[in-house]
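**Q** Read off the chains here:
2 protein chains.
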Amino acid sequence: MKVAADTGSQSPWLEQVKWSDEGLVPVITQDYRSGRVLTHAWLNREALALAVSEGRAIYWSRSRSKLWRKGEESGHIQKLHGVYLDCDGDTVCYQVEQVGGIACHTGRESCFYRKLEGDDWLTIDPVLKDPDEIYSGAAH
Amino acid sequence: MKVAADTGSQSPWLEQVKWSDEGLVPVITQDYRSGRVLTHAWLNREALALAVSEGRAIYWSRSRSKLWRKGEESGHIQKLHGVYLDCDGDTVCYQVEQVGGIACHTGRESCFYRKLEGDDWLTIDPVLKDPDEIYSGAAH
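Heads up: the sequence lines are chains A and B, in that order. Letter by letter, the first sequence follows residues 1 to 140 of our numbering. Letter by letter, the second sequence follows residues 1 to 140 of our numbering.
Everything hinted at is true.
Coverage of chain B stretches by chain A, computed from C-beta distances (three or more under 8 Å per stretch; other residues unrestricted):
id	segment
1	82-88
2	110-116
Think about it this way: if two alpha-carbon atoms lie no more than 27 Å apart in a straight line, the pair counts; the simulated DSSO-like pairs of lysine-lysine are:
id	chain 1	residue 1	chain 2	residue 2
3	B	Lys-66	A	Lys-18
4	A	Lys-129	A	Lys-79
5	A	Lys-18	B	Lys-129
6	B	Lys-115	A	Lys-79
7	B	Lys-66	B	Lys-79
8	B	Lys-18	A	Lys-115
9	A	Lys-66	B	Lys-18
10	B	Lys-18	B	Lys-66
11	A	Lys-18	B	Lys-18
12	A	Lys-18	B	Lys-115
13	A	Lys-79	A	Lys-66
14	A	Lys-115	A	Lys-129
15	B	Lys-79	B	Lys-129
16	B	Lys-79	A	Lys-115
17	B	Lys-79	B	Lys-18
18	B	Lys-18	A	Lys-129
19	A	Lys-18	A	Lys-79
20	A	Lys-66	A	Lys-18
21	B	Lys-115	B	Lys-129
None of these hints come from the bench; they were simulated from the model. As the structure is a computational prediction, the values presented were derived from the model and not from experiment. Built from N, CA and C at the ideal position, the CB exists for glycine as well.
Work out the full structure, taking the sequences as your base and the hints as a guide.
**A** The following block contains the structure:
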């Protein structure tokens with residue numbers, strides 16, 4: 001174990017989550033005030049335990065196969081205000097305060113910035129900050 | 001094809017969604033007014049095409065391997081107010097009006113009715129209608 005997160009028998013609440021065969025569940029993250037859905041990501045036991053203990057959104061990056069502390073490169077961390085579990089126990093919802101007001105790597109408030117209008121996905125959100133500025137000096 | 005939904009080349013917007021190898025993407029459904037997250041489910045091309053053409057939330061039930069017209073048994077349909085796609089193109093968000101105010105099969109407003117408080121998932125939402133009443137006369 002590289003980290004001190006309690007992911008074992010001392011945390012029965014973690015075992016009430018119905019982890020997939022790969023040990024994951026999806027997580028929806030929304031702004032705790034506006035309700036806007038910001039991101040859709042994934043959790044493993046360790047990510048959820050650490051998020052709760054550190055009070056910030058932490059995910060499991062499936063593409064990089066590692067923990068992803070949201071904001072570790074951009075500074076746009078998400079302060080955790082609430083953690084919810086659905087009726088089936090297989091999906092989590094984080095309610096967060098989005099520091100900097102930017103959740104998306106494109107520099108927008110939310111990852112869900114495209115809306116279906118007729119036959120087209122229209123971009124409805126402005127870029128609040130150039131991604132090159134957000135990630136300058138940090139490895140992607 | 002049993003249904004008339006256009007899921008082919010005449011709908012390039014459907015092909016801009018990054019369907020998984022199984023032809024699915026997750027969908028987050030939230031109340032279009034309050035922003036409350038109601039459900040987390042799955043879509044295939046046909047479900048999304050039909051939802052848009054019929055103006056109501058339709059999903060793909062992975063457990064039953066069939067289309068799931070939300071509300072077909074309970075009457076608690078979800079009128080579709082907006083469809084959003086995320087930056088990666090692999091997650092959809094439905095904004096809906098929840099008829100009857102009950103999205104969860106337990107008779108609650110939202111499926112996310114358990115909140116982590118300390119080491120426990122506390123039920124924070126009341127049952128608005130007994131599930132036996134909701135589903136009386138209908139096959140589950």
